[in-house]
Amino acid sequence: MKILTGNDLKSGAVVWWDGTGWSIYVNEAVDVGERAGEILAREQSARRVNAAYAIEASRDANGVRPAHIKDRVRALGPTVRPDLTLKPADPEVGNWVI
Amino acid sequence: MYLYDQYDQAMVDARVEEFRDQTRRRLEGKLSEDQFKPLRLMNGLYLQLHAYMLRVAIPYGTLNSRQMHMLADIGNKYDRGYGHFTTRQNIQYNWIKLEEAPDLLADLASVEMHAIQTSGNCIRNISSDHFAGAAADELVDPRPYAELLRQWSSFHPEFSFLPRKFKIAVIASDTDRAAMKLHDIGIQIVERDGALGAAFYVGGGMGRTPMVAPCIREFVPLDQLVPYAEACLRVYNRYGRRDNKYKARIKILVHELGKEEYARQVEEEFAHLLSQGIEPPLAELERIKPFFADPEFEFGLPTGIDRSDPDFALWVDRNAVPHKAPGYVSAVISLKPVGGIPGDASAAQMHEMAELTKQYSFDECRVTHTQNIVLPHVKIADLHALWTRLDAAGLANPNIDTIEDIIACPGLDYCSLANARSIPVAQKISQRFSANGRTAELGELKLKISGCINACGHHHAGHIGILGVDKKGVENYQLLLGGSEAQDTSLARITGPGFDEPGIVDAVETVTDVYLRERDAGERFLDTYRRIGMEPFKEALYG
Ligand code: HEM
Ligand code: SF4
Chain A
1 MKILTGNDLK
11 SGAVVWWDGT
21 GWSIYVNEAV
31 DVGERAGEIL
41 AREQSARRVN
51 AAYAIEASRD
61 ANGVRPAHIK
71 DRVRALGPTV
81 RPDLTLKPAD
91 PEVGNWVI
Chain B
99 MYLYDQYDQA
109 MVDARVEEFR
119 DQTRRRLEGK
129 LSEDQFKPLR
139 LMNGLYLQLH
149 AYMLRVAIPY
159 GTLNSRQMHM
169 LADIGNKYDR
179 GYGHFTTRQN
189 IQYNWIKLEE
199 APDLLADLAS
209 VEMHAIQTSG
219 NCIRNISSDH
229 FAGAAADELV
239 DPRPYAELLR
249 QWSSFHPEFS
259 FLPRKFKIAV
269 IASDTDRAAM
279 KLHDIGIQIV
289 ERDGALGAAF
299 YVGGGMGRTP
309 MVAPCIREFV
319 PLDQLVPYAE
329 ACLRVYNRYG
339 RRDNKYKARI
349 KILVHELGKE
359 EYARQVEEEF
369 AHLLSQGIEP
379 PLAELERIKP
389 FFADPEFEFG
399 LPTGIDRSDP
409 DFALWVDRNA
419 VPHKAPGYVS
429 AVISLKPVGG
439 IPGDASAAQM
449 HEMAELTKQY
459 SFDECRVTHT
469 QNIVLPHVKI
479 ADLHALWTRL
489 DAAGLANPNI
499 DTIEDIIACP
509 GLDYCSLANA
519 RSIPVAQKIS
529 QRFSANGRTA
539 ELGELKLKIS
549 GCINACGHHH
559 AGHIGILGVD
569 KKGVENYQLL
579 LGGSEAQDTS
589 LARITGPGFD
599 EPGIVDAVET
609 VTDVYLRERD
619 AGERFLDTYR
629 RIGMEPFKEA
639 LYG
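Quick mapping for you: the protein sequence lines, in order, are chains A and B.
Each step along the first sequence adds one to the number in my numbering, with nothing skipped, and position 72 is 72.
Each step along the second sequence adds one to the number in my numbering, with nothing skipped, and position 296 is 394.
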C-alpha cells in the first residue's frame, strides 16, 4: 500500500495521513493509491503538514509497517530511547523497527 | 572568557526578532517552506526524523555556568529534558517545536548564545583545543585568535553563500586535540624568531572524500591573520565546485589545483588584500586577549592525591590531565556511560555540571570534540569532592580515551541522512568491553562511528572506525582501521566486507585480540597497526 507521511508544521511531530487529517499513529495511515500527489499538494498548501512524502508500506495483523527502516524509526521514535517512543511500555517495539 | 559587547548583543537580539517575524509569516502562510527553509537553516533549525532539530553554537567549546544552566533549562522547557553534545563542540536538541523556536532563541540570546551559522554554506562555529588556556604544552591560549576569526566570520556577507559549508579550527600546541588537519582551514599558532604567527593548513575534511590538509604557509604574521584567511576563502569562493555538491568542499579544490597552485593563488589574492588596508587593527586582538587571561590561580597548593579509594584513583588516572599551573589539573567529565548514548546529557546533569563549573573551575567549562565536557582548572585538592559529586550524577565514568569513550553521530535514530544506526553499536561495544574487562588493558583506543558517509562521527579518523551503510534496506557496518586526528593525522582504511550489527561488535573484539597478541611493549593499538599493517587483522576477520 502507499501511505503519506510528513511532519506537523508547528510542532514538527511525525504524522501520517488518515484519510481526513494527520495522525501521529502509523496504524491509522490509509492507502492513498494513486491520489498521493493530489493530497500532498493540497495539504502542504493548507499548511497542515510540512515536508510530506509518499512511501510504500504493508499492513499485517500488527498494523501498518512502512517498507523502509527510516520511516519505521520515524513512526516509533529513537530506538535508543524507549522512554520517548510512542509505545513506551512495549519491550518489543525496538524489534519492530529492524 | 569573551563577553559580548553592545554590537555583539545587538546583532544577536536583532536576529532573534527577525526570525520571530519570519516564523510568524511561515505559520500564517505568507512564506512557503521553500522560502522559509533557508531562513530557518541560517538559524540552526533543521527538520530531522522526529521533529525540528536545533544546533546551538558554542564558540571554541567554551561555556560559563550561566550558559550551561541555560542549556539545561532549554532542554527542559523546549525539548525532552536532554541535549546532545557534538563533535564540533556544539549542542543539538532533537524535539524542538517551530512555534517555540523564537522564544528559545531569545532565551539563548539572554546568555550571549545563538544558533547562527550552524547550518548552511557559510563559516561555521570555530573550534579549538578543549584544554586551551590550561594545557601545559601550549604556546599561548588559541582562543583569542579563534574569537577574532569568529567576529570576522559572523555575518560576513561575502562568505554567506560559499560553494559549501566551511569549518575552521585553531590550536596553539604541537599536540593536536582539535583534529585541526581535518578542517577546511586548520590554524596552528606558532613562534618564529620570538614573534607569534599562524601556520595555515587548508583543504582537510572527512565526508565522502576524506583528506588531510596540507600546510600551505608556515608563518603568517598575526596582524595578517584575517587577510590571509580572507584570501584562502576568496580563492575558494571563486573557484570552488558549485556545480557538484559532492565536489564543492575546499578540499576538492586544493586537491584538484594542487597545493602549490592553490597557495600561489592565495598569495596573489593576499598581496592584493594587503594593498587595500582592510586588515582589522591589532588593537582589536589586544581588546579580545584580556577576556582570556588566566584566572587567578593560587600558589603553593598541595599536589598530593589520596589514592586509597580505588574507584577515585582510577578516575584520576583516566580523566585528570596535567595543567600548566602547579596544584591544578583539567578534569574530563565523560558523557560515555557504559551502554549509554555518547554525548547525551540530561538537563539535570547539565545543571549539575554548571554548578561544578562554578564551584570548582573558575566558572568555565568546555565541550570537547570527543563529546565530553572539561572542567579546565580544578584544584588537585578539590578532585575528590568533585568526583563524589560527579559519581552521584552518573558522570564519573573513568574511561577517557579508552575503547568505551566512543564518538558516535546521531545516526538513524535521529538523522534523516543516515543509512544505519550508530548509537546502538556504540552501546553494545561499550557493554562488551566493560563486561570482558579489557578496557584498561587496551589503553588508548579511539573508536569512532558514523551512520553515513558524511562522517559526522569522524570514522575516518578513528584508530578503529565504523561506518553505517545501507545494504538493500538492512543496516550494515564497515570496519576501518588506522585513522588518527591527532598531530599524527592519518585516514583509516576499510578492512573488507561489512558486518551486521552483532557482527561488527564481534569484529571490533577480533581486531583488539590481534592487537593484544601482536603488540610490542608500550605500543597503542594505532602503533601496532602501523607497524604490522592491515593483513593480520584481515586474516583474523575474514580468515
Ligand atoms: C542530525 C543532523 C546532522 C546533519 C543533517 C548533518 C549533516 C552533515 C553533512 C551533510 C555533512 C557532510 C558535509 C560535506 O562533506 O560536504 C556533515 C559533516 C560533518 N558533521 Fe554533520 N550532520 C548532522 C549532525 C552532526 C552531529 C550530531 C555532529 C557531531 C556529532 C556532526 C559533525 C559533523 C562533522 C565533524 C562533519 C565532518 C566535516 C567534514 O567533512 O570536514 N554533524 N554533516
Ligand atoms: S554521519 Fe550521517 S548519519 Fe551521522 S549525523 Fe552525519 S549525516 Fe547523520
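Worth flagging that the hints you see were computed from the coordinates, not collected in a lab.
There's no promise every hint is true.
Covered by chain B, according to a simulated footprint, are these stretches of chain A (three or more residues, beta-carbon under 8 Å) [unchecked claim]:
1. 29 to 42
2. 46 to 58
The following residues of chain B were derived to be distant from chain A, with all beta-carbon distances above 12 Å [said to hold, decoys possible]:
3. Ala108
4. Pro136
5. Trp250
6. Arg306
7. Met309
8. Gln585
9. Val612
Using N, Cα and C, we set each Cβ at its ideal position, and we do this for glycine too.
Now the hints, each set against the structure:
no.	hint	result
1	29 to 42	violated (count 0)
2	46 to 58	holds (count 3)
3	Ala108	30 Å, holds
4	Pro136	14 Å, holds
5	Trp250	34 Å, holds
6	Arg306	19 Å, holds
7	Met309	29 Å, holds
8	Gln585	34 Å, holds
9	Val612	30 Å, holds
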